[in-house]
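K.L.:
The primary structure of each chain is shown beneath.
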Amino acid sequence: MRSKVSQPSWYLTAATIGVLLFLHIPFAIVMLYAFTTDEAAFTFPPPGLTTRWFQIAWNRSDLWTALGLSVRVASTATAVALVLGTLAAAAVYRSRFFGREMISFLLVLPIALPGIVTGIALRSALGLMEFGFSFWTIVIGHATFCVVVVYNNVLARFRRTGRSMIEASMDLGADGLQTFRYVVLPNIATALLAGGMLAFALSFDEVIVTTFTAGQQSTLPIWIFSQLTRPRDRPVTNVVAFLVVTITAIPILYAHYLTQDSGEIGSAGE
Amino acid sequence: MMSQIAIEFREVSRHFGPVKAVDRVSLAIHDGEFFTLLGPSGSGKTTCLRMIAGFEQPTAGEIFLFGQEVTYLPPYQRDVNTVFQDYALFPHMTVGENIAYGLMIKHVPRAERERRVAEMLDLVRLPGLEKRKPSQLSGGQRQRVALARALVNQPRVLLLDEPLGALDLKLRQEMQIELKAIQHEVGITFIFVTHDQEEALTMSDRIAIFNQGNVEQIGSPAELYERPQTHFVASFVGTSNIIGGELARQLVGEVRPFSVRPEKIRMVERDAPVPAGMIALDGQVHDVVYLGMHTRFTVQTAGRESFTVVEQNLDRTLADIHGQEMRGRPVRLIWPEGANNWLREEGR
Amino acid sequence: MSGLTQAPPGSGSNSWSRRVSDLLYNRPLLLLALLLGPPLLWMVVIYIGSLFALLIQSFFHLDGFTGQVVREFSLATYRDLFTVAHMRILGRTAGMAAAVTMAAAVLAFPLAFFITRYASYRLKAILYLAVLLPLWSSYIIRVYSWKLILSKEGIISWVIGKLGLTAVLNWILDLPVIGGPSLSVSSLGLFLVFLYIWLPYMVLPIISALERVPRSLIEASGDLGARMGQTFRHVILPLAFPGVVAGSIFTFSLTLGDYIIPSVIGDSSPFIGLAVYSYQGTSGNIPLAAAFTVMPMAIMGVYLLAARKLGAFDAL
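Residue numbers (our numbering), protein chains in the order written: chain A, 1 to 270; chain B, 1 to 348; chain C, 1 to 316.
Treat the hints as calculated values from the structure; they're not laboratory data. A few of these clues could be false.
With a straight-line cut-off of 20 Å between C-alpha atoms, the simulated DMTMM-like cross-links for lysine to aspartate or glutamate are [as the list claims (entries may be wrong)]:
#1 B:Lys264 / B:Glu337
#2 B:Lys264 / B:Glu311
#3 C:Lys152 / A:Asp38
#4 C:Lys309 / A:Glu101
#5 B:Lys106 / A:Asp38
Distance windows between CB atoms, simulated [unchecked claim]:
#6 A:Gly18 / C:Arg233: 20 to 26 Å
#7 C:Leu29 / B:Val255: 51 to 57 Å
#8 C:Arg27 / A:Gln216: 46 to 52 Å
#9 A:Asn59 / C:Tyr121: 45 to 51 Å
#10 B:Gly17 / C:Leu75: 44 to 50 Å
#11 A:Gln7 / C:Gln230: 15 to 21 Å
#12 C:Lys124 / B:Gly128: 36 to 42 Å
#13 C:Leu305 / B:Gly17: 28 to 34 Å
#14 A:Gly18 / B:Gly17: 52 to 58 Å
#15 C:Lys124 / A:Ala40: 40 to 46 Å
#16 B:Arg156 / C:Leu41: 21 to 27 Å
Remember, it's a predicted structure, so these values are computed and weren't measured experimentally. Where a beta carbon is used, it is the ideal one built from N, C-alpha and C, also for glycine.
Just need the whole structure built from these sequences, with the hints factored in.
P.N.:
Have a look at this one:
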C-alpha cells in the first residue's frame, strides 16, 4: 500500500518540527514555572527549584472552593449535554426530516460564534427576565455549548453502526426499549464516554461565557483569570496551571483513545 | 396439493411520495416453500421483504401471516425472522450471545439457551464457536451465524435479504446447496430475495419476478424459463430472442409477440432444407463468442434484427474453433414451432 | 457481559416498555418529536431566545441623565455605535483577526501536509494527538503560559539576550503599530498569543481536507510529468483550500470575539470583546454592548455565506 513513501524535503520537516514546538513549548514552560523559587517575577531561567508552592496551594481554601464549583458545574453541564446531545443525534440519525442540517448548524452555533456573543446574549436575557445569577446560570451557559460535542461524537458512532442492527434486534423480538438497552447503548457507550469527557473538559476550562453568567462566584478558570489581570499569588497560580494542564490531559487522551479508529473527536471541536 | 398459505399480500402498495416502490402487489406463498423474490435493484423486492418483516408498512393493502393480519404489527410481534444482507451481527456480543439474543428476550432459561445455541451451531456447521466475536469470523462464517441467530427462534417463516451477495462465487455456490439442505431440515418457509437469476433458478420452488414495483410473473423455475409471459421475464430470466411486429407475421402469420430461447435454435447452411413443423430464417453471423461449454453466435437477419443462438461445443475441436472463420458466414436459423412462447402484448 | 446472563423477570406479560414501544412504532412522528423536542427546545428557547433578546436590547438606549436603560425602540444606540472611535476598534479587531488567520494558515499547512502525506501510521496518530491536545487543553492556562513567556524577564528575552540580538528586539518594539514597551504589552505579542491559541483550529480542517485528496490523484499528476512543486500548486492546494477556509471560520471568529487575551496581553488598546465587556460591565450600557456584538455577528454571517460558496462546510 505504502510501498514508496517519498521523503519529505528538509524544509518541510523543519517547518513541521517548528510548528509542533510552537504548540508545545508553552506547556513545558508552565510545567517548569510551577517549581520556581522566584515569587515576584517570571524570571527565566528560574533562580532555583522548589516544591513548596504545591504545599501552599494545597492549603488555600479559595482554590478548593473554585475547584469544587468548577467540578460541579462541569458535571452538571455534561449530564445535560449527554442527554440533549444523544437525543438530537438519535433524531437526526433515524429520520430524514426537513431541516436536518439546521439542527447541526443550531448546535454548533454556540461554539462557532464568538464566545462573547454567547456570553452577553445569555447575560442580557437573564437580565431581562430578572433571573439571579447562580450555579444554575453557569450550568445553562455551559450545557448550551457542550451539547454539540456529545452530538458530534454520538452521531458519528450512529453512522458507523449499521441501521440494520436495530432492525435485527427488533426482528429477534426486542421492543424499542429493549433494543436501546441491549444493542444501541452498548454500541454508543464509548462515544458517550468520549463525548462526555470532552464536554467536561470544555466546561471545566471555559472562561469567556462564564464571566457573563457567574455573578459573584468564581470557577477555577475565573480564579486564574483574576490572577492574570491582577497578579497576587504568582507561585500559587503557577502550581494551579501545572495541575490543570496535567489533569485535563487525562480525559482528552482517554477520549482520543476511545475514538481513535474513527476520528470522531477530530471534528468534535468544530 | 393444498398446503396452508404462509404469507399473503392483498393489493399491497408502498409509495414514497411519487415513487411507487411497490404497487398493488398480490401474492400467496405456501407453507414450506422456498420462495424467491427476483428482480433488478429498485424493483421493489426488498421493500416487500421488509414489509413482511415489519420494518416498513404498506401505504395501502393488507399482509397476512398464516391467516392473521399483520400489516401494521411491529417486527417484534411477528413470527418471522430475517437474515440481513450485511448480517447485522451485534459486534459487542459473542457468537453465542448473538444467537441467544432472541431467546434471552423471550426469557428462555439459560441452560436451555445454551443447549439450543449449540444445536444451531451444529446445524450451520460451526460447532464450538460460541465464544468468538463476530469480528473474528470470515464472511461465510458470519453468514452462518446470522442464519443460526434467526433459526434458533423457530420462526414459521425465514426471510433472507440477498444473504449471499457479499460472498465470492465458490462460497456462494456452497451456501446455496447448504441453505436448501437447511430448509429441508427445518421444514419452514424460506423467502429469499436476490437479483441473481441463476441463484433463484437453482434454489427456489417458486419465484416471483419483480419489475418496477410490480410482480410480472410467479411460477416454478421451469415455468418461468420455458413459458415467460412478458418481455421483461423472457429477457431477465435467461436470454431470449423476442420477435414481434412484421417479422412475427412473416414467420408465424400473425402480429403477436413471442420469444425463442437461443438454445432451441439450430444454425444450418443457407441451402439446407426446412423440415415440416420448423420455422426458418436466413441471416449472417455477426459475432462469435467461445464460452467453453458452448459457443454463442449473434446472427443478423436481412431486416437488421439480431438473434442470439447458442450451440453446445459437442463435436467442436480446438482446430474447428481456431480454423473456421464463422464471422460473416451466411446461415439459416431453424427451430420447431413448439419452441415459440407467446408473450403478453404490451405497449413497448 | 452484555446483560445476556440476567434476563429481567416479570417476563413476557406485556410490560409498560412494550406498550410504549407499540404505541411509538406506528407513530414515527411522535417518536421524532420526543427525541428532538428537548434539545430543540433548549437551543431555541435558551440560545436563540437569548440572541434575539440581545438583538432587541440593541434597539433600547441609555438615558444620558439617569443612566437607566430606556426600554423603547430607537436607533439612538446605533447612532452611538457608528462613531470614529468605535470604527477604529472594529478595524483593529478585524485586522488582527485577518492577520492571525493568514499566519495560522501559513503555519498549519506544512504541519497538516506532513501529517497526511509523510507520517507513518503510528507517527500520524501521535502527531494528530499533538494537535488535538492543545486544542482541548485549558484555554486560560494556555494564555497564562504566554504571560510567562513574553514577560520582560522571561524566556524570549533570555534567548534573544544569549544570542546577542537584544538590539534587534528593541528595534522591532520601537516600530509603530506592532511595537510597545515590551513584548507582553505590544501588538506583536498579542498577535503571537492569538496565533498560538487558535492555530490548532486551523490545522484540523486542513488535515481533513488533505486526507480527502486521493493519493492516486497525486500519483496521476506525477505520472503526467508534474514535479512535486507543480503538483502541490495545481492539485493539492486547490483541493485543500476549502479546509483552509473552514479553519479560517474558527480562527477569524474566535479572534474577533475574544476579550480575555487582549485584557491580559497587549497595550490594552480596545478590541471589540473588551469594548463589549466594559460597556456591559462598568458603564452598564447594555444596549451599546448589544449593538457592538451585532457587528461581529454580522461579519461572521457574511463570512459564513462566503465560506459556504467556497465549499468549506464539507471540510468541517
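K.L.:
Now tell me, hint by hint, if it's right for this structure.
P.N.:
Hints versus structure:
Under the criterion of a C-alpha separation no larger than 20 Å, the hint pairing Lys264 (chain B) with Glu337 (chain B) is consistent with the structure, at around 10 Å. Proposed proximity of Lys264 (chain B) and Glu311 (chain B) is supported: the alpha carbons are some 9 Å apart, at most 20 Å. For the given pair, Lys152 (chain C) sits about 14 Å from Asp38 (chain A) by alpha-carbon distance, which is consistent with the 20 Å threshold. Taking the CA atoms of Lys309 (chain C) and Glu101 (chain A), the gap is near 16 Å; set against the 20 Å cutoff, the hint holds.
Distance restraint check for Lys106 (chain B) and Asp38 (chain A): the Cα-Cα separation of roughly 70 Å exceeds the 20 Å cut-off, and the hinted pair is therefore not satisfied. At about 22 Å, the CB distance of Gly18 (chain A) to Arg233 (chain C) agrees with the hint of 20 to 26 Å. A hinted range of 51 to 57 Å holds for the C-beta pair Leu29 (chain C) and Val255 (chain B), which are about 54 Å apart. The hint said 46 to 52 Å for the Cβ distance between Arg27 (chain C) and Gln216 (chain A), and at roughly 48 Å that hint holds.
As the Cβ distance of Asn59 (chain A) to Tyr121 (chain C) is approximately 48 Å, the hint placing it in 45 to 51 Å holds. For Gly17 (chain B) and Leu75 (chain C), the Cβ-Cβ distance of about 48 Å falls inside the hinted range of 44 to 50 Å, so the restraint holds. Roughly 18 Å separates the CB atoms of Gln7 (chain A) and Gln230 (chain C), a value that falls within the hinted 15 to 21 Å. In this structure the hint that Lys124 (chain C) and Gly128 (chain B) lie 36 to 42 Å apart at CB holds, the actual value being about 39 Å.
At roughly 31 Å, the beta-carbon separation of Leu305 (chain C) and Gly17 (chain B) lies within the given 28 to 34 Å, and the hint holds. Checking the proposed 52 to 58 Å range against Gly18 (chain A) and Gly17 (chain B) shows it holds: the Cβ atoms sit about 56 Å from each other. At roughly 45 Å, the beta-carbon separation of Lys124 (chain C) and Ala40 (chain A) lies within the given 40 to 46 Å, and the hint holds. Separation of Arg156 (chain B) from Leu41 (chain C) is about 45 Å and departs from the stated range, judged on CB atoms against 21 to 27 Å.
When held up to the earlier numbered hints, the structure conflicts with 5, 16 and fits the remainder.
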